[in-house]
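Take the sequences, apply the hints, and build the full model.
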Amino acid sequence: MFECYGKKLLRVDLSTRSVSEEPLSKQFIERWVGGMGFGTKLFIDEVPAAADPLGPDNKIYISVGPLTGTLAPLFAQTCIVTKSPLTGGIINTYAGGHLGGSIKATGYDVIAIEGQAEGLVYVLITPAGVRIVDCPELAGVSVRAAEEAVQKAAKTEDLHTLGIGLAGENCVRYASVISETRAFGRGGVGAVFGSKNLKAIGIAGIGDVGVADPEGFRSAVSAAYKTFAEDLAQPWSLLGSFGRVGTGSGMGLINEKHALATKHHHLTRFEEAEQIGGQAIAEQYPTRPIACLGCQVHCGMLHKPVNTKWGEVWTRGPEYETTYSLGSLCLNDDPEMLLKANDQAEEYGMDTLSLGVSVAFAMECAERGILPRDALGDDHVLEFGNPDTTIRLIDMIARREGLGDTLADGVRRASQHIGGGSEAFALQVKGMEFAAWMPERMRGIAVTFATSNRGACHKRAPIGMELMEVIPMDGIEGRAALVAGIQNHVNAIFALVACRFAEFVLPVQQFVDLLNAATGMAYTEEQFLQLGEAIWNMERLYNLEAGIDGSEDRLPDVCFEVPGDFPPEAKPLTREDFATLLSDYYAVRGWDKEGRPTPERLAELGLRD
Amino acid sequence: MVQRLIVTVEKCTECRACELTCSLEHFGVFNPRKSGVRIVSNWPELARARLCIQCEDPECLPACPAEALVLTQSGSIMVLHELCTSCESCVDACPYDGIWMDPLSELAVKCDTCDGQFACLAVCTAGALSIGE
Numbered sequence: 055m056f057e058c059y060g061k062k063l064l065r066v067d068l069s070t071r072s073v074s075e076e077p078l079s080k081q082f083i084e085r086w087v088g089g090m091g092f093g094t095k096l097f098i099d100e101v102p103a104a105a106d107p108l109g110p111d112n113k114i115y116i117s118v119g120p121l122t123g124t125l126a127p128l129f130a131q132t133c134i135v136t137k138s139p140l141t142g143g144i145i146n147t148y149a150g151g152h153l154g155g156s157i158k159a160t161g162y163d164v165i166a167i168e169g170q171a172e173g174l175v176y177v178l179i180t181p182a183g184v185r186i187v188d189c190p191e192l193a194g195v196s197v198r199a200a201e202e203a204v205q206k207a208a209k210t211e212d213l214h215t216l217g218i219g220l221a222g223e224n225c226v227r228y229a230s231v232i233s234e235t236r237a238f239g240r241g242g243v244g245a246v247f248g249s250k251n252l253k254a255i256g257i258a259g260i261g262d263v264g265v266a267d268p269e270g271f272r273s274a275v276s277a278a279y280k281t282f283a284e285d286l287a288q289p290w291s292l293l294g295s296f297g298r299v300g301t302g303s304g305m306g307l308i309n310e311k312h313a314l315a316t317k318h319h320h321l322t323r324f325e326e327a328e329q330i331g332g333q334a335i336a337e338q339y340p341t342r343p344i345a346c347l348g349c350q351v352h353c354g355m356l357h358k359p360v361n362t363k364w365g366e367v368w369t370r371g372p373e374y375e376t377t378y379s380l381g382s383l384c385l386n387d388d389p390e391m392l393l394k395a396n397d398q399a400e401e402y403g404m405d406t407l408s409l410g411v412s413v414a415f416a417m418e419c420a421e422r423g424i425l426p427r428d429a430l431g432d433d434h435v436l437e438f439g440n441p442d443t444t445i446r447l448i449d450m451i452a453r454r455e456g457l458g459d460t461l462a463d464g465v466r467r468a469s470q471h472i473g474g475g476s477e478a479f480a481l482q483v484k485g486m487e488f489a490a491w492m493p494e495r496m497r498g499i500a501v502t503f504a505t506s507n508r509g510a511c512h513k514r515a516p517i518g519m520e521l522m523e524v525i526p527m528d529g530i531e532g533r534a535a536l537v538a539g540i541q542n543h544v545n546a547i548f549a550l551v552a553c554r555f556a557e558f559v560l561p562v563q564q565f566v567d568l569l570n571a572a573t574g575m576a577y578t579e580e581q582f583l584q585l586g587e588a589i590w591n592m593e594r595l596y597n598l599e600a601g602i603d604g605s606e607d608r609l610p611d612v613c614f615e616v617p618g619d620f621p622p623e624a625k626p627l628t629r630e631d632f633a634t635l636l637s638d639y640y641a642v643r644g645w646d647k648e649g650r651p652t653p654e655r656l657a658e659l660g661l662r663d
Numbered sequence: 073m074v075q076r077l078i079v080t081v082e083k084c085t086e087c088r089a090c091e092l093t094c095s096l097e098h099f100g101v102f103n104p105r106k107s108g109v110r111i112v113s114n115w116p117e118l119a120r121a122r123l124c125i126q127c128e129d130p131e132c133l134p135a136c137p138a139e140a141l142v143l144t145q146s147g148s149i150m151v152l153h154e155l156c157t158s159c160e161s162c163v164d165a166c167p168y169d170g171i172w173m174d175p176l177s178e179l180a181v182k183c184d185t186c187d188g189q190f191a192c193l194a195v196c197t198a199g200a201l202s203i204g205e
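Chains as they are written, first to last, in the working numbering: chain A, 55 to 663; chain B, 73 to 205.
Simulated from the structure, these hints should not be mistaken for laboratory data.
Do not rely on the hints blindly, as some may be mistaken.
[As the list claims (entries may be wrong)] No farther apart than 27 Å at their CA atoms in a straight line, the calculated lysine-lysine pairs in the BS3-like style are these:
hint: 1; chain 1: A; residue 1: K80; chain 2: A; residue 2: K95
hint: 2; chain 1: A; residue 1: K206; chain 2: A; residue 2: K358
hint: 3; chain 1: A; residue 1: K280; chain 2: A; residue 2: K513
hint: 4; chain 1: B; residue 1: K83; chain 2: A; residue 2: K358
hint: 5; chain 1: B; residue 1: K83; chain 2: A; residue 2: K311
hint: 6; chain 1: A; residue 1: K311; chain 2: A; residue 2: K513
[As the list claims (entries may be wrong)] Here chain A is said to cover these stretches of chain B; the calculated rule only asks that three of the stretch's residues, wherever they fall, bring their Cβ under 8 Å from a Cβ of chain A:
hint: 7; stretch: 82 to 94
hint: 8; stretch: 126 to 134
hint: 9; stretch: 143 to 156
No experiment lies behind these values; they were computed from the predicted model shown.
Even glycine gets a Cβ: it sits at the ideal position worked out from N, Cα and C.
Below, the structure written as structure tokens:
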């Protein structure tokens, strides 16, 4: 049993520069399975709710799961759990690529980073041991340069890295951690790295990954391959289109459905959407699909270097969410600007969602006269649809220069700083900026944004069902229950650690079959989903203790206004409907009217005696 | 002619399912370092494939002092793990970077075509793997 685990935690204390190993008990593994389960449980036990996210008491948990490093398709992700400097609550964030397989091969299921180094360091985890290496020479360098320096120093084959750029070092509250162009994007985990003076981690494992039931596992993997292959073979397959042109493949459809957040939610359609969609970018610039470990979907679009007016750009992506946030939301229709902005975000290490929303927020402030049009302090005009201003503002945010310093703290803090009533239109929940998608149009998004433990995140929403109108976008009946179910399900698969896209296609039972064959455990579908629900409630309890209560399950006022081009046949979001959705949600969750989990529900989930 | 594995790197998505399958077939575990085919990324350029080309006059075979390398029925050369002494003579002898050592077990690793069965082919959904001579 448990052949697919290393059954060990590696603890790296940057304050004392000490390293230790701890065994993970059978009970712990059985109960929390891996990935998000391991990270959440350890975080909640070890990081006080009052801890400063950017202080020495915060800790970072990097975890993999039972299916990481195996042939099970779409299980390449690595999970990071920490306290978010953006929301002040718990954050879980994921990156794919080949890092997870490398961590798994070290024999560590979890790497816990704590304390604060005195100067800039990187950590090397190789067969030769664990080393904390001073690297003052890497201060301010790009993620790519840091990755190359760590690769060179390690002199080890199969080294994979994760690291931060200038934005993380400057504690931009939505700085991301980048692993070979894949981003642990949301919630500012890059700023937490920066606060600890941790520039990068290089990881090279050489160990074997086994499974408990080899024949059962082969059979479960074959079944999963078949399920994905059948989906990918369909001309309408969403994942199939991701594999051809990237996650931006749906932009045309989203635009057609009046669901593309445009000009800071003033509009639901962008006239120039097609030219910044995945199809156009893939056709215009030499591109090839790149996959994460063992993945058939290969949604990562790697471009050859492109000459732009801002210089040569080499990037992977942009993903759909980036073409929304730095594209339609800012009214930018220049694909080369998006390639450049994506490259900046990769090199500085910033979440393109929060970044784009912050830029668009400043443009909105200028349009309303709350900020002057020369707020950048140079020749750049702060206005929608200005690509040069966008590129310049991204630099200023990463460097925390002028207006960029204000925007680097996210739109909630920026709106408090700028004032002028801007809090009403700051696109954030719990301090986290909106992902793509419009609560004004889609009720599942309204519930998801308002209730997610991460803030305005789209990772656990019925987007496909609403977009394809399997269910009416503006319907509220049963919508809260649907969202809660998806939240539970996605949390469960993040314990494995699966890619979010796997949930689009793979039935729950196939996740469970893979889990059981790999581990030797005997999870049922019901127990598996309940694991996700338990994790969700643990996060909620932690956030409540950290001061994030039901009053923050809200949407900004702008979501209750009607966008200018709102389709006449559709129903706008009303405060009454939103109140109904929220009370339905609390009821489905077994929470009280203030959004607190009840002792009875917690007992049912095994979280209280 | 001996059949060999061909990697068309222009089609390869670098998912390395071939590596995971190969190590499972030959060692019963998932470990890319135990795979007889390796995909080496070189972004933004195409990947490079490391594997045995099943050459006609293999220099690894006579170089092995432990008789751990043997010809299979299909004509490929396979490593008998129980006889390998980790001396690396085969690695030194091969001019094509077609055989290497697994750092964990210290055993030689190469593509033996699964004696003509090519287990990796089934998992390469990108169509980058094929059989050639």
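| query | Can the stretch 126 to 134 of chain B be counted as covered by chain A under the rule of three residues or more with Cβ-Cβ separation shorter than 8 Å? | reply | violated (count 0)
| field | Restraint check for B/K83 with A/K358, where alpha carbons must lie at most 27 Å apart | value | holds (16 Å)
| Would the pair A/K280 and A/K513 pass a check requiring their Cα atoms to be no farther apart than 27 Å? | Distance of about 25 Å is within 27 Å: holds.
| task | Measure nothing beyond the straight line between the CA atoms of A/K80 and A/K95; if it is 27 Å or shorter, mark the hint as holding. | result | Holds. A/K80 to A/K95 sits at ~14 Å (cutoff 27 Å).
| query | Under the criterion that the straight-line Cα-Cα distance not exceed 27 Å, is the pair B/K83, A/K311 satisfied? | reply | This hinted pair is violated, its Cα atoms lying about 34 Å apart.
| With a cut-off of 8 Å between beta carbons, are at least three residues of the stretch 143 to 156 of chain B near chain A? | violated (count 0)
| message | Would the hint linking A/K311 and A/K513 be met if the CA-CA limit is 27 Å? | response | Between A/K311 and A/K513 the Cα gap is close to 20 Å, so the pair holds against 27 Å.
| query | Taking a Cβ-to-Cβ distance below 8 Å as contact, does the stretch 82 to 94 of chain B have at least three residues touching chain A? | reply | holds (count 7)
| field | Given pair status - A/K358, A/K206, alpha carbons within 27 Å | value | The given pair, whose Cα atoms are some 23 Å apart, holds under the 27 Å limit.
In terms of the numbered hints stated before, the structure departs from hints 5, 8 and 9, listed from lowest to highest.
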